[in-house]
Amino acid sequence: MRLGIDIGSTTIKYVVLDDEGRCIDQDYQRHSCQITEKLIEVLQKVSAKYNQPAMALAVSGSAAMGLQEKCSLPFVQEVYATRIAATKTLSEVDCIIELGGEDAKILFLSGGLEVRMNGTCAGGTGAFIDQMATLLNLSAEEMNEAAKQAEKIYTIASRCGVFAKSDIQPLINQGADKEDLAASIYQAVVNQTIQGLAQGRKIEGSVVYLGGPLTFNSELRSAFDKTLKLTGICPENSLYYVAIGTAMLAEQPVSFAEAIQQLQTMDSSSFVRSLPPLFASEEEYQQFYNRHQRNQVRVHEPKEIIGRCALGIDAGSTTVKMVLINQQEEILYSMYQPNQGNALQLVREALIELFQKNPQMEIVSSCVTGYGEDLIRSAFGVDLGIVETMAHFTASRKYMPDVDFIIDIGGQDIKCFKIHNGTIDNIFLNEACSSGCGSFLQTFANALGYDIEDFSRLGLFAKHPVDLGSRCTVFMNSSVKQAQKDGATIDEISAGLSISVVKNALYKVIRTADARSLGKHIITQGGTFYNDAVLRAFEQELDTEVIRPNIAGLMGAYGCALHALRHCPNSSSLLTLKQLEEFHNEIRYVQCGLCNNHCRLTVNQFSDGRRYIGGNRCERPVTKKSTAQDLNIYAVKRELLGQYQPIPGSRGKIGLPLALNMMELLPFWYTFFTELGFEVVTSGFASLEKYQKAQNSIPSDTICFPAKLVHAAIQTLLDQQIPAIFYPCMTYNMREKNADNNYNCPVVAYYPEVIAANMQQVTECDFIYDYVGIHRKNDFPIKIHKILNQHFRLGLREVIKASKKAYEAYDQHLETIRQKGQEIITQAQLDDREIIVLAGRPYHADPLVSHDIDKLITSYGAAVISEDVINEEVGKKELGVWNQWTYHSRLYAAARYVAKQKKMNLVQLVSFGCGVDAITTDEVREILEAQGKIYTQIKIDEITNLGAVKIRLRSLFAALKQEEENHD
Amino acid sequence: MTDNKVLFTKDMQKDYTILIPMMAPIHFQLLRNVLVHSRYNVELLENTGASVVEQGLKYVHNDTCYPALLVIGQMIDALKSGKYDVHKTALIITQTGGGCRASNYIYLLRKALKKADLGFVPVISLNLSGLDSQPGFKLSLSMLQKMLGALVYGDLLMDLSNQVRPYEVNHGTADQLCQHWIDDLSKQFDRRQGLSIGDMKRNMRDIVMSYAAIEREKKELVKVGIVGEIYIKYSPLGNNNLEKFLAEQECEVKLPGMMGFMLYCIYNGVEDVKLYGGGWAKKQLMGFVYSLVLKLEKMTIDAIRTYSDFEVPGSFPEMKEGAEKIIGLGAKMGEGWLLTGEMVELSKSGFKNIICTQPFGCLPNHIVGKGMIRKIREQDPECNIVAIDYDPSATQVNQENRIKLMLSIARENMKKAAGESAA
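Chains as they are written, first to last, in numbering that gives the first Met the number 0: chain C, 0 to 967; chain P, 0 to 422.
None of these hints come from the bench; they were simulated from the model. Some hints here could point you the wrong way.
Claimed, not checked - DSBU-like mimics (lysine-lysine), calculated; alpha carbons at most 30 Å apart, straight line:
id : chain 1 : residue 1 : chain 2 : residue 2
1  : C       : Lys69     : P       : Lys297
2  : P       : Lys281    : C       : Lys736
3  : C       : Lys87     : C       : Lys48
4  : C       : Lys949    : C       : Lys151
5  : P       : Lys297    : P       : Lys217
6  : P       : Lys243    : C       : Lys69
As the list claims (entries may be wrong) - Where chain P lies over chain C, by a calculated footprint (3+ residues, C-beta under 8 Å):
id : stretch
7  : 693-703
8  : 723-732
9  : 805-817
10 : 879-885
11 : 915-929
Said to hold, decoys possible - Here are some, though not all, of the chain P residues that point toward chain C, as calculated from beta-carbon distances under 8 Å:
id : residue
12 : Leu56
13 : Ser407
14 : Ala417
Yeah, the Cβ is synthetic: ideal placement off N, Cα and C, and Gly gets one too.
Let's have the full structure, built from the sequences with the hints guiding it.
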């Protein structure tokens, strides 16, 4: 007999094989971190059941890795085990897809063996589904059932769990059906698996599904089937393939007694990197507790509320908070509840109850903030709406007028702002990648079988909190895995998680090195800071004492109430009790046809005939206003690029992918080839459909989104069967005066190589991707002539002539952008509008790359120009960086110009995963802040949720407005 | 932001300690000794551990590549350790001047120092492009020659140690011998010896013969090649002691040497002119230096071939040839086409199992590493490559798990091959 044990991130499974290799016994259970104990249990059980002192056995799985070294249990790599089991028990399998608790694997068995595991960034799958189910307030089984009823699929970012989450949350808040969301989540897992793991290899033939998520969720299987256009099978024992393979590979008999003995005496704490404890003693905790007890906002909750008062609602991503204050700004009533995915009903019920209990209460003004602001506001006729940051700021100032710094860690976001001269001076928001926030702790607590309060309390007195790093949630999963493997206890992990939330906020979001830069008076708020472990970790990390108001979780709602009271309307439009009781809403979904985005709109139809539209990227479906009058250079750029239409020529068609640097060089190459008699066809701007079609050929899942879109552009050209595609490698860009050098970034420079190596179909056409240097104007025609003559017959003289025209067209194009930009600036100044320099790269003109953030800004009434409009000289000596990339040098120049201008501010677009921007963002920030300007950074990826972006922009505009008021 | 850089003046030469961050242990010990003998008071940093990473995370933008984070973290950690008088300490860092982020390390270091209230510590840039000069630190021709010598010897010692270590009968012999040679060569440099062509030939012969004399066991081990971003590839701090881990897994490891990288940097100057036109003089000069260094490489290879039965490392021209089949030689940022070439060459020379190490989000490696694996395997289906990302939070358990998967397949292939040759 042979025993195989598979210890994964969440479960322990075992199988026993008889001498013929048949599976005669199997079992699985969750191990809740108690790996050694559970393993001993299994060994004892099997030993007793079969009455054997020893058996050939081996262990496998991520949590079992250390056991080989520590107690000489034979170890088998789990993917390898799967393969062995599959090849021996199943016949004619081409491909295996195995999803585990936190791993995703694809094994290609036929036609060149390949085994793939998800990279460190691609996030978990089983854990991801669990997390999403929690978010929908469904059990895993209920989610599978729900998905069966789905009618439509939403696009949910599939790149990593955190992104997906921030896509789903707004959908929940907009009132999308759980059924549809459940199916969409499965689809996201499918997309993620295919994009992250297949990496250009087609999944076809006979496909087998293995592992927990695929065994238990029929709808996940059918999502795979539909996407892959085949019918995969989920064999018997699909949960146990790793264990079976492990058993098959077990050779040496191991004595049960010896193994158990070794496990019991195993030194498990040796490799854990530990941190100092949060509290050394109970007394220390008491002291800390008492100190924070002193920070009280007066809460006076009478039996019955009588008279005039103001209402504040904070409809957050995971919770709803309400506060009612009287004319003296005292809190009369407060409510704090998880929103259960249905904020609308929750608020309605709370309001009805409030009105019923207090017939003599008169709400004279109301204000709402948070993710659900728009929906709640239009549903219940709330008078005012403000951006979260302003709400928190208002509350904090009331509490502490000389506050310097506010940090709010909520369910899903971290908001921090610095206060200078009574205005918000600098805003830090977490990017979609690093939201290690409240819900993150909650999810972990639940996964380990605790509720959040108990879980975090466990950590308070942990002797050696584990060091879990400070990256995003997905990384945290594997850090916890490692800690578990090394035998860390639950309390150590709990403390470690609290500390990592804090480190994440400090080093990833605020990017500070010490407390001094934050100021003297720091207020912490948001639900997460109710957690003493997090608060303590924060103080420890900064080595300073901070203030946590007793209403830390209610500050947003309190700020809203204060705002409502101070901006009291003549008569409140808030629905009355009767209206509330009659209130109901219906949700419809329509596709917006006002522009090419075709946003999927969620239309809430309320009982009194009003309606609310969600899911829109711009304000057009709401206001019906055309964007023609907008002052927007990005619109101008798109229009300019659209003018390069194919002109039939004698030399036939040549295709140019409109992506990355081609977005700026199109005038150059278009003119060049058109002059030579080619019919130049471009791929046009990117679209999500094009992208999804080509995404399986992307070899590196962590590369930036603009680069991924090259695959889509090339695919578009291939589909049109253009005989030749021109996409040159370009180490160098044009020389511009400001830079130390004129490099392209490595990705822009060499992406054609990646295309050639990973999109097999390009071999079917003439794919020209030679190295070209346009920076040497005189050499260029000779070199390009030589390159092109390998494919066509061209005369040198005509190439020289075309080159000259090409350079002229390029210069003209840049000049036009500058001119149009200047016109926008002049017009905006005449209109007294704010001007936003939306600074990025030329390829941010693509509406999919920039997610129409330009349009979003103009919808707030500001004018938008881009970095290449500004023609500013920067001395080399004046920069703190080596200014070697052409596109990036423009950023510094723009920042220096903006720093000197009135009513002009810079918003920098940064692609997730862009290594170069780690350098440029810091420098641009420093340039602006030295002149007292607010720096705003927006990180973008495939993510389509603009919620965080809106907060950022609205905060910016609110701060600018406030600043202006203060000056007047 | 604009700030005046702190100068490393001539006066400082006398009583300042210059700290060098660690990368490839063998090469850097030799380099340190070259600098010491050029009358600079230098010290090679050996501090590792969590606090290095912590300091890096604290003072460097967290999205910056991992090598920058580690190098800067190591320096700040050392400065804060109390071991040095910070007002009598300077730092040295390499600057390549290419299109990769690495050219910016020095600026990131200066920013980090300022944030850590150590802005007064002078930073010296070590580069061949004449960037960022300092009055108190000049690379003389003789120093350059010695440093080049250090790299040549370093490559030889590293390669031979790797070939002997897994098979040696008496554990530790290879490492002891390596240390012996580091000391011996440093003393020779000090006496202005060891760097002439004649001396080098003699030393190389002696080195090769001394390694060949070590008693070795005959056994069949899994052969694993390591390529990648230069810092992560060589630095145990960067790659979580990858070589040690592989040794524990009973593998023979091979790392392509640093000469290849030198030659690659030089050759790129030639290739640039070829691709884009321009400076005849530049091409001639680069061509001259190129052939000079190439000669040194050939000497090394000849020594191994003549005086031992050790495997001969792939030469630069072979790497170039291998690369050209996969990628254009114009791809010259970071490790560029060389990385691709190294993978091809390793596979050709029997190291079919390859770990491609890279910092998480390393831009050039998206192209030349991960981007080319598919094409390499198309031409060489036996090639078993795993790409491993390194960053402050990528956990060792994840990395090792992936490597173990690669090794499982490697062992299976080895068994299969043994079976076939038996049959």
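Verification of the supplied hints:
no., hint, result
1, C:Lys69 <-> P:Lys297, "46 Å, violated"
2, P:Lys281 <-> C:Lys736, "23 Å, holds"
3, C:Lys87 <-> C:Lys48, "27 Å, holds"
4, C:Lys949 <-> C:Lys151, "26 Å, holds"
5, P:Lys297 <-> P:Lys217, "28 Å, holds"
6, P:Lys243 <-> C:Lys69, "17 Å, holds"
7, 693-703, "holds (count 4)"
8, 723-732, "holds (count 3)"
9, 805-817, "violated (count 0)"
10, 879-885, "holds (count 5)"
11, 915-929, "holds (count 10)"
12, Leu56, "6 Å, holds"
13, Ser407, "4 Å, holds"
14, Ala417, "17 Å, violated"
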